[in-house]
Amino acid sequence: MDALTSLHSRTVVLPIRDIDTDQIIPARFLTTTTREGLGDALFHDLRYDQDGQVRQEFPLNDPATRDCDILVAGNNFGCGSSREHAPWALLDYGFKAVISTEFADIFSNNALKNGLLPIIVDVDTHNWLLAHPGTELRVNVGDSQVELPDGRIIEYPIDAFARYCITQGIDQLGYIQQQSDAITTFEETRSWKP
Amino acid sequence: MPDASTLFEKVWAEHVVVPETAATPALLYIDLHLIHEVTTPQAFALLRERGLPVRRPDLTLATMDHSTPTTPVSSFRDLAVVGESAANQIRQMEMNCQDFGIDLLGFDSAHRGIVHVIGPELGASQPGKTIVCGDSHTSTHGAFGALAFGIGTTEVGHVLATQCLLQRKPRSLAVNVSGQLPAEVTAKDLILAIIGEIGVDGGTGHVIEYRGKAIRALDMEARMTICNMSIEAGARAGLIGPDDTTIDYLAGRPRVPQGDAWDTAVRRWRSLCSDEDAEFDKSVSIDAAKLQPMITFGTNPGMVLGVNDPVPDVGDASFRKALDYMKVTPGKPMSENPVDVVFVGSCTNGRLSDLQQAAGILRGRKVAQGVRMLVVPGSQQVKMRAEELGLHRIFTEAGAEWRESGCSMCLGMNGDTVASGQLSVSTSNRNFEGRQGIGARTVLASPATAAASAVMGRIADPRTFN
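Quick note, the sequences are listed as chains Y and V, same order.
Everything in the first sequence is counted per my numbering, starting at 1 for the first residue and increasing by one.
Everything in the second sequence is counted per my numbering, starting at 1 for the first residue and increasing by one.
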């Protein structure tokens, strides 16, 4: 994955809570065996009606939002299934960060492993961002900080290891492989075998 | 670790290969890795790219369930797979398992089925194990006192290559269920009530332990239904301490330890429980005696009410959006809504006892005119057992369709879908917008409520069928 150290982008806002992974990418798109090209399926049934016509009212269909790297969404974003196709689709579409008050655990894990940044903010900041689509934000990933247009700096929580991996653009498999001796010792010395 | 610990903490501690620090997560050993065709191709591709073998094929169990057809045929080889991409996914699964030396319970296996049905059925899901799968309903296996949770495809790759995962330790949440479930009120009603109580994000960052008299009274299949839907409350996992019920269920199953090893395992399993003075980070209490059959009315499993209760009239914009999608009216009971489709099946309610519940209502009755009812056993073993008991005849004589096993209409990626605008009463786990098909409106319910609704042609209370 690519290293992500900073972001400077306007926001696009989906003011809906509990956006589940079936809405992010419906199950019928999961028969793929690669991780590429899923941007077309992102929010498919919210972007298009059943006849395939563009739903003009859906925020992502406003051409002015097409270059936004940051999605602001309601509380509990990414709930539901474990499909990593959800962050793959968001990234392939062009998003690099999602801001909410809370993320579902598996979605958050999957996002971080692919270089998509889940940014958790407090309710007041969230409400302000929801009410102000198109806000220009700067994100300093190494310091876990978001800068609002008025210069206010908000620090967001993120696992230190995940932040290290995302800013360096490294995946975690290599790190686990370095623990190979410890894994072998564990397998040989545990009190019972599965 | 403090002197008194919870069951979750005990299982966690036993699997730490490298302890967590402020800078790095714990490295956790995985005892059982369940895999299926949808969330593994990209993980196997990574292994091929890096020239890595699967570290422990012997701890990996594979099946095909999500994109597989459920149409009845005499030979599995003849199954028509819906769509070229699904067929390709299935071929890749067969090839990957063959190339990496993994045991695949494929089309020819009498043990094929939904991954969360066959793990327990084979006795592979055992107390004290760490169990993962690229599927959020892996929490099901927590019913055995295992720490079982869903992972993404990148993590599937980690486990295939190293048998380990990097994890921060979640917090603990006790759900205490006192009292006794009334007659005709099932485990599905209980878990829907629990999710309604704590909310769809109430368990985020936590492992739930279900405790109390009402939980102890449940059989293993009911416990699986409970743990299965832990993820719908946002929880990382859900588990129940093992007891005689657990051990009786496992005895004699093909993948449990045999001979002396069985006795040793049982002694170890019996020691797996939360200490009496163990502290949980959070706790919630529910009185089972006050429950009634539950149904959902909105577009997440936390939007739930008693089967005869009126749809609430409070909520924000997201709440109103859900009611609009569902075309339900605040203040009116859900029973006013005519039903188009009834689905009995899934990793939540596709086991033998679930089919028996539904058959109990359908025996000697007919599915209402205009209602399509699909009964999909959770595994080929469940199907075989149900047919031995003659349940399939009850279903087909009532006018329902009797299918091969699979995930089917729970997520509709194999062609078993609900048409746009249709109302489906489903024993599955998610009523998300479009989950069962574009524009499909899903009402989650127990197998008894689903069957009663099929007969009445509208959402119905199974207690009126006595």
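The set of hints was computed from the structure by calculation and includes no laboratory data.
Errors might be hidden in some of the hints.
If you want a taste of the chain Y side facing chain V, the calculated C-beta under 10 Å gives, among others [stated by the list, open to error]:
| # | residue |
| --- | --- |
| 1 | R35 |
| 2 | R138 |
| 3 | Q179 |
Pairwise CB distance ranges (calculated) [as the list claims (entries may be wrong)]:
| # | chain 1 | residue 1 | chain 2 | residue 2 | range |
| --- | --- | --- | --- | --- | --- |
| 4 | V | K290 | Y | D143 | 24 to 32 Å |
| 5 | Y | T189 | V | A22 | 25 to 33 Å |
| 6 | Y | R190 | V | K290 | 16 to 24 Å |
| 7 | Y | G134 | V | G199 | 24 to 32 Å |
| 8 | Y | R190 | V | G315 | 23 to 31 Å |
| 9 | Y | G142 | V | Q180 | 25 to 33 Å |
| 10 | Y | E188 | V | G51 | 20 to 28 Å |
| 11 | V | A23 | Y | T189 | 24 to 32 Å |
| 12 | V | W262 | Y | R190 | 12 to 20 Å |
| 13 | V | R48 | Y | Q178 | 17 to 25 Å |
| 14 | Y | G174 | V | D309 | 47 to 55 Å |
| 15 | V | Q180 | Y | R152 | 34 to 42 Å |
| 16 | V | P182 | Y | S191 | 38 to 46 Å |
Even for Gly, the Cβ is constructed at its ideal location relative to N, Cα and C.
- Message: Given the hint of 20 to 28 Å, is the C-beta distance from E188/Y to G51/V inside that range or not?
- Response: About 25 Å separates the Cβ atoms of E188/Y and G51/V, which means 20 to 28 Å holds.
- Task: Note whether the CB distance of G174/Y and D309/V lies within 47 to 55 Å or breaks it.
- Result: holds, 54 Å
- Message: I want to verify a distance hint. Is the separation of the beta carbons of G134/Y and G199/V within 24 to 32 Å?
- Response: holds, 31 Å
- Message: Does the beta carbon distance between R190/Y and G315/V stay inside 23 to 31 Å, or does it fall outside?
- Response: violated, 50 Å
- Message: Just to be sure I understand the hint, the distance between the Cβ atoms of K290/V and D143/Y should be within 24 to 32 Å; is that true here?
- Response: violated, 50 Å
- Hey, does the R35/Y contact hint survive, CB to chain V under 10 Å? holds, 5 Å
- Item | Hint check for Q178/Y and R48/V - Cβ pair distance inside 17 to 25 Å | About 21 Å separates the Cβ atoms of R48/V and Q178/Y, which means 17 to 25 Å holds.
- Item | Status of the Q179/Y interface restraint (C-beta, 10 Å, chain V) | holds, 6 Å
- Given the range 12 to 20 Å, decide if the beta-carbon distance of W262/V to R190/Y lies inside it. This hint holds: roughly 19 Å between Cβ atoms.
- Task: Can you let me know if the beta-carbon spacing of A23/V and T189/Y is within 24 to 32 Å?
- Result: holds, 25 Å
- Just tell me: holds or violated, for the beta carbon distance of T189/Y and A22/V against 25 to 33 Å? holds, 27 Å
- Could you say whether the range 34 to 42 Å given as a hint is met by the Cβ separation of Q180/V and R152/Y? violated, 55 Å
Of the hints listed earlier, those the structure fails to meet are numbers 2, 4, 6, 8, 9, 15, in rising order.
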